[in-house]
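**Student:** Its first residue numbered 71, the sequence shown is counted upward by one per residue in my numbering.
Derived from the structure by calculation, the hints contain no laboratory data. Glycine is no exception: its CB is placed at the ideal position from the N, C-alpha and C atoms. A couple of the hints might just be wrong.
Here are the simulated distance ranges between beta carbons [stated by the list, open to error]:
#, residue 1, residue 2, range
1, Asp80, Lys147, 34 to 42 Å
2, Thr99, Gly162, 13 to 21 Å
3, Glu228, Phe98, 37 to 45 Å
4, Asp102, Leu81, 24 to 32 Å
5, Gly224, Ala163, 15 to 23 Å
6, Lys152, Asp80, 36 to 44 Å
7, Lys124, Gly86, 35 to 43 Å
8, Ala84, Lys124, 36 to 44 Å
9, Lys152, Thr206, 28 to 36 Å
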Amino acid sequence: MTENIQNISDLLTARGVDFTIIEHPAVFTIDDLLALNLLNFDAVAKNLFVRDDKKRNYYLVVVRHDKKLELKAFSEKIGSTKLSFASENDLGAILKLQKGAVTPFGILNDDDRRVKVIIDKSFDGAQIGVHPNENTASVWLDASALVAIIKEHGNKAEFLEI
Numbered sequence: 071m072t073e074n075i076q077n078i079s080d081l082l083t084a085r086g087v088d089f090t091i092i093e094h095p096a097v098f099t100i101d102d103l104l105a106l107n108l109l110n111f112d113a114v115a116k117n118l119f120v121r122d123d124k125k126r127n128y129y130l131v132v133v134r135h136d137k138k139l140e141l142k143a144f145s146e147k148i149g150s151t152k153l154s155f156a157s158e159n160d161l162g163a164i165l166k167l168q169k170g171a172v173t174p175f176g177i178l179n180d181d182d183r184r185v186k187v188i189i190d191k192s193f194d195g196a197q198i199g200v201h202p203n204e205n206t207a208s209v210w211l212d213a214s215a216l217v218a219i220i221k222e223h224g225n226k227a228e229f230l231e232i
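Please put together the full structure from these sequences, using the hints given.
**Tutor:** Structure (C-alpha cells):
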C-alpha cells in the first residue's frame with residue numbers, strides 16, 4: 071500500500087468510517103476503471119476540476135461515472151460566470167494531484183481552501199467510489215462521510231441536483 075493510500079485508510083479508520091479500498095493497476099479514465107470489472111461500479115464517481123473564467127473560483131464537481139456535465143447549464147445553476155476545465159498546472163498547484171487521479175480527497179491538499187466541492191445529489195445517503203489521491207486504488211465509503219471530511223478540512227461542500 072502506497073503512502074497516499076495508507077494516509078486515506080488511516081484517516082477513515084480514525085474517524086470510524088466504514089470503507090473498502092481496492093488496489094488495481096493505474097487507471098486514467100472511467101473506461102479504464104470499467105475494464106477492471108470492480109464490484110459496486112455503479113457507485114463510481116467522475117470528478118471534474120473546473121474554474122470560472124477569471125480563475126477566482128474553483129470547483130470539484132463529482133457526478134456518477136455515466137453522467138455528462140454541461141458546463142454552461144451548470145455554471146448558470148450555481149450562479150457562476152463561464153466555467154471551463156482547470157489546467158493540469160492548476161490541478162497540481164492547488165490539489166497536488168495529477169491528471170487521472172482527480173478525487174474529492176485531493177481537497178485535503180488544498181491548503182488555501184480555494185476549491186468548493188459539489189457532489190451530485192444522487193450520492194446523498196449512498197456509497198461513492200473515488201480514488202484515494204492516486205489512481206492505483208479506489209475507495210468506497212458513504213458520501214456523507216466524505217462531505218463531512220471535506221467540511222472539517224475547511225472547504226465548502228454540498229450535494230446538488232446535477
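**Student:** Give a verdict on every hint.
**Tutor:** Quick rundown of the hints versus the structure:
1. Asp80 with Lys147: 34 to 42 Å: About 36 Å separates the Cβ atoms of aspartate 80 and lysine 147, which means 34 to 42 Å holds.
2. Thr99 with Gly162: 13 to 21 Å: holds (19 Å)
3. Glu228 with Phe98: 37 to 45 Å: violated (28 Å)
4. Asp102 with Leu81: 24 to 32 Å: holds (25 Å)
5. Gly224 with Ala163: 15 to 23 Å: holds (18 Å)
6. Lys152 with Asp80: 36 to 44 Å: holds (40 Å)
7. Lys124 with Gly86: 35 to 43 Å: holds (41 Å)
8. Ala84 with Lys124: 36 to 44 Å: holds (38 Å)
9. Lys152 with Thr206: 28 to 36 Å: holds (34 Å)
The structure shown violates just one earlier hint, number 3.
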